[in-house]
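Assemble the complex: chain A is given as a structure, and chain B must be docked to it using the hints.
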Amino acid sequence: MLILIFVSIFLILIIFLFQSGQMKKLEIKEFQAIKNVNYDISQPKFTINNYKRKISVSAKGGNFINKDEIMLQEDVKFNSRKFKILSNNVLFNKKKQTAKSDTSSIFISNKTKIKSEGFDLIENGDVIKFNGKTELIITK
Amino acid sequence: MKKIILILIFISPISIAREKGQIEITTNQGIEVFQNEKYYLLKDNVNIVSDDFELNADLVKAYFEKDLYDISKIEATGNAKLSSIKNIAAIGQKIYFSINDQQIQVEGENSNLNFNNLDMFSNKLILVDNIKKNFILKGKSSILKTEEIKIVASLITGKYININDVNEIKELDIKDENQLSITTKTAKMFSKKAKFNKKNDIIELFENVKIIRVNEIVEAEYAYIDLINESYKVSSKNNKKVKLLIDNKTNE
Chain A
5 MLILIFVSIF LILIIFLFQS GQMKKLEIKE FQAIKNVNYD ISQPKFTINN
55 YKRKISVSAK GGNFINKDEI MLQEDVKFNS RKFKILSNNV LFNKKKQTAK
105 SDTSSIFISN KTKIKSEGFD LIENGDVIKF NGKTELIITK
Chain B
26 MKKIILILIF ISPISIAREK GQIEITTNQG IEVFQNEKYY LLKDNVNIVS
76 DDFELNADLV KAYFEKDLYD ISKIEATGNA KLSSIKNIAA IGQKIYFSIN
126 DQQIQVEGEN SNLNFNNLDM FSNKLILVDN IKKNFILKGK SSILKTEEIK
176 IVASLITGKY ININDVNEIK ELDIKDENQL SITTKTAKMF SKKAKFNKKN
226 DIIELFENVK IIRVNEIVEA EYAYIDLINE SYKVSSKNNK KVKLLIDNKT
276 NE
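Protein chains in written order, with this note's numbering: chain A, 5 to 144; chain B, 26 to 277.
Just chain A, same shape as in the assembly (with noise of 0.2 Å):
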């Protein structure tokens, strides 16, 4: 009879770790979900040109700070011919054509590798200022 009244405690503990469990993933499926609806623009995609280079600029999300201003969030990815930036979180300005963080950052080229606290991209991607505490690695 003990044996019993021990099985069914345990199967009901069981059942209710299963369903809480689930309920979790439910509901950080609904929080992504929200996340991803509060992003003003979702995807963005866009260029940087000037006479010398392109530079594509992708993320998971975006959103609108002001006019001018959008907060570019989750895989940001600059990508030139010349080198590449990951980021998360990426301040961009479309009127003055400037991207700023204050997150780690990677810049990838050939044969280089840049990692710092967060970078500035100015004009036009002429300048690139990587800021804090960095290291730079060259393969010869």
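In short, the hints are calculated from the structure, not lab data. Be aware that a few hints might be false.
Stated by the list, open to error - Between beta-carbon pairs, the in silico distance windows are: (1) Lys88(A) x Glu62(B): 38 to 46 Å; (2) Ile69(A) x Asn125(B): 45 to 53 Å; (3) Asn42(A) x Glu62(B): 36 to 44 Å; (4) Glu73(A) x Glu62(B): 26 to 34 Å; (5) Val74(B) x Ile19(A): 41 to 49 Å; (6) Tyr55(A) x Asn142(B): 49 to 57 Å; (7) Glu134(B) x Asn42(A): 29 to 37 Å; (8) Lys58(A) x Lys170(B): 54 to 62 Å; (9) Asn203(B) x Thr143(A): 37 to 45 Å.
Just so it is clear, CB atoms sit at the ideal spot from N, CA and C, and this is done for glycine as well.
Frame of chain A, contents of chain B only:
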């Protein structure tokens, strides 16, 4: 999987371990890349480590040719320190070195460049051109030292040859508006100008010449010193006399 790798890269502390053949550059205040001008600025507490050399400075300007990896010239400013496996060590307020031209320049107070067996000190400028095999030391009380000779002057220019990784002085042209000094194992010499030629091991001294050897002091306007047999000829013009002081005390 790709996401996990990206997350790991972003959250990991700033450190990408250097592998053999790579150059690792670290800074405290970032890097500014000027793509049109083809250089980048490395700011604050800069450390550059490669298989061949290590460089530290407050600020470094690195010029490149095709891309960032292709460094052609480095200008290091503020407490600059360079050491190389090719027996080059330099300390100065500024160190410039051109990789293609094989030139190294050290500037500022208490500059020092040790290049194989040539030890150079200056308070202004030291420049070595390893292709043309010549050097310049500028500035009051600049010093050139080897195992055989020590020269102190405000301007020392010279040529060298490299034999089995040892730099041997081939020619010297030395000037000082006050007084230069040359110290060898057997004599101490002073003048305003001096020339040295390794071909026949001759030192020529010009103007206000003074030679001090164990038992004698010679004063003249010109001296021609043969370092092989340690003999010399002296002369004076403009009615000035050659003065020779012989001290016999040590022979008594």
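Indices of hints not satisfied (ascending):
1, 5, 7, 9
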